[in-house]
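Given chain A, work out where chain B should sit, using these hints.
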Amino acid sequence: MYSNIESSLDPTISAISALLIVTSAIFVIVADRIVGVEKIV
Amino acid sequence: MRTGAGSRDPLTTLATVIAFVVLFVATFPLFVTAITAFNATNETVFPPNGWSLRWFRNIARQPELVQAAGFSLVLAVVSSAISISLGVVSAVALTRRKFFGRDLIDAFLMSPLLVPQVILGLSFLVFFVRVGSRQPFLNLLFLHVVITFPYALRVIRSSLTRMNPKLEEAAVGLGASSLKSFFLVTFPQMRPSLFVAIFFCFVVSFDNFTATAFLTVSGATLPV
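Top to bottom, those sequences are chains A and B. According to this note's numbering, the first sequence holds residues 1044 to 1084 in order. According to this note's numbering, the second sequence holds residues 24 to 247 in order.
Same shape as in the complex, but just chain A:
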C-alpha cells in the first residue's frame, strides 16, 4: 500500500482500506455476538 501511494495516488488504496475497515467492523460485531465486547475490551 505504501509503495503504491508513493507511485500513484488513485482511490484503489482507499478501496482496500474501506474493505479492511468493513472487515474489522464485521469481525468486532461477530466477536460481540460470540464472546461479548465487554470480555474483549
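Here are the computed distance ranges between Cβ atoms for each label pair: (1) A/Asp1075 <-> B/Leu145: 37 to 43 Å; (2) A/Val1065 <-> B/Leu127: 42 to 48 Å; (3) A/Val1073 <-> B/Ala104: 15 to 21 Å; (4) B/Val55 <-> A/Val1073: 23 to 29 Å; (5) A/Val1065 <-> B/Arg214: 24 to 30 Å; (6) A/Ser1067 <-> B/Leu145: 25 to 31 Å; (7) B/Phe206 <-> A/Leu1062: 33 to 39 Å; (8) A/Val1071 <-> B/Val48: 17 to 23 Å.
Simulated from the structure, these hints should not be mistaken for laboratory data. The model shown is predicted, which means the values in this text are computed figures rather than measured ones. All C-beta atoms in this analysis are idealised placements derived from N, C-alpha and C, irrespective of residue type, glycine included.
What follows is chain B alone, placed relative to chain A:
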C-alpha cells in the same frame, strides 16, 4: 432517587458530549477514507466527484496487491498461531508455577512491546544478514512472532490470573491428570481470552509496517 434522561447532571452531559467528540475525531478519518473509495474520478477527493465501484474492481486488476494481501494473510495466520501456542505455554508457566527469576523472565518476554519497532526491525535485519538467512517468509515470521507474542502472553496471562486454580486442583484430586485437567477445566475458561489474543495478534501482524519494512522488498506485504 430520580432516574432516566431527565435526571442527568451537567457533568454527565459534558462527559457524554466529550465522548462523542472523541468518537467523531477517531472515526472521521476512517469514514473519509472509506467514502473516497467510491470516487467516480481517479482523484482522491472528499466528498467524491460522483459515485462508482470501479476502484474496488481495480483491486483485482492489480495482482501485486492481491499477492501482497495473500502473503500478509498467511504471515498473520501462521505468526498468530505460533504466538498463541507459545503464549498459552508461557502464561501457564508464569502464572501457575513459581521459580527463580519469574518476574525477570516476564519482563523480558514483554520487552518487544517497549522497544521501538524501528530498532526491532533494524536489529533483525542485522541479525539475518549476519547469519546469512535468505528466507524472506521465515525471517518475517520470526519477526512477527516476536512482535505478536507479548500481546498473546499478556491477554492469556490476565485471563489465567483471574481463574480459580482450585478448580484445576479439584480435577486433579478427582483423578484427572494435570494435562487432562488443563484441557477439560482451564482451557474452556480461556476461550474468550484466546479469541481476543488471536484478534490482537492477527491485527498487529497484518498491519505491521515499521519493522516489516526492514526485512522485505517494497510491496511484499500489504502495508509495505
